[in-house]
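Novice: Could you build all of it, start to finish, from the sequences and the hints given here?
All residue numbers for the sequence shown refer to our numbering, where the first residue is 91 and numbers rise by one.
Simulated from the structure, these hints should not be mistaken for lab results. Accuracy of the hints is not assured; some may be wrong.
Here are the computed distance ranges between Cβ atoms for each label pair [what the hints assert, rightly or not]:
1. Val-374 to Ile-354: 17 to 23 Å
2. Asp-267 to Ser-146: 15 to 21 Å
3. Thr-373 to Leu-249: 24 to 30 Å
4. Val-374 to Glu-207: 21 to 27 Å
5. Ala-154 to His-294: 31 to 37 Å
6. Leu-370 to Thr-304: 39 to 45 Å
These numbers were taken from a predicted model, which means no experiment stands behind them. The beta-carbon is built from N, C-alpha and C at its ideal position, and this holds for glycine as well.
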Amino acid sequence: MFGEVCAILAAFCWALGASLYGRGVHDRSPLEFNFVRSISVALFSFLLLFLFGNWSSLFTIDLATIAVMGLSSVLVLALGDSLYFFGLKTIGVTKTVPITYSYSILVVLLSILVLGEEITSQIIFGTAAIILGVWLVANKALDRTRKSNSSLSGVLACLGTTVCWGFGVVLFKILLDNNDPFVLTAGRMFFLLPTLAILSTISHVGASSNRRWTKTQLTLALLSGLVALGVGDTLLYFGLDSANMNIVAPLTSTTPIFSAIIAILFLGEKVSIKVVIGTLLVTVGAMLLFM
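Specialist: Written out as structure tokens, the structure is:
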């Protein structure tokens with residue numbers, strides 16, 4: 091039960107973080123925004139390691155673990171999240187969210203093929219119900235009156251996000267079998283920050299504009315990183331460490347549901363039949379996963 095609760099809390103943190111960085115990424119490049127928000131994550135991660143983890147473990151990790159940690163960090167946080175931001179900018183929230191958060195399907199498949207985890211009829215129907223509910227709610231409640239035409243590049247970016255997140259989560263699950271979550275959370279920063287710094291610098295070569303960051307943009311980027319990547323991802327690691335991945339991944343796909351609730355309560359979104367049906371489907375799906 092602890093792992094499932096951590097997964098749901100992680101989904102809430104990601105939704106809260108999304109409401110923050112959704113306002114800032116539209117005026118910045120995805121890579122640049124990703125780099126700035128990761129700074130607060132690094133500080134938070136090393137604070138957690140200092141308070142609760144084992145510092146010495148950080149310097150005794152074997153080469154194989156370092157390689158897997160580096161690959162998974164780049165896949166999920168550098169490439170996956172940057173592609174996610176690009177999708178938000180090009181095809182909009184209502185198209186990006188349903189596509190990217192269907193990554194749980196890939197995770198369930200990989201958990202069976204790679205990790206040998208058990209698949210049951212409850213998990214199959216629960217996963218299907220959650221994905222359908224997420225699509226219904228995201229398609230209606232998360233449209234912040236932003237109109238954008240669908241483009242091939244945006245769709246491909248979302249599909250790329252799904253693949254990066256799916257494989258990256260599986261790799262993290264493998265690492266959690268023999269490593270401290272606090273060590274992994276801090277260790278990934280050694281790969282994430284340099285990768286994003288290099289990619290951001292390359293993306294600015296030849297750019298016609300290099301606008302300064304405003305205080306509001308910096309606040310949104312740093313705070314969203316702290317909430318989503320700092321607290322949210324730490325909860326995800328604890329969830330993966332305490333429960334099967336084919337249960338945790340579908341539960342984390344409820345992020346758009348929490349985003350819809352935030353939009354309804356604080357952004358004045360109206361409740362529609364799609365929102366009601368989607369919420370019920372996600373609730374039923376979660377109950378099936380707990381059985």
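Novice: Run through the hints listed earlier and report the numbers of any the structure violates, in increasing order.
Specialist: none
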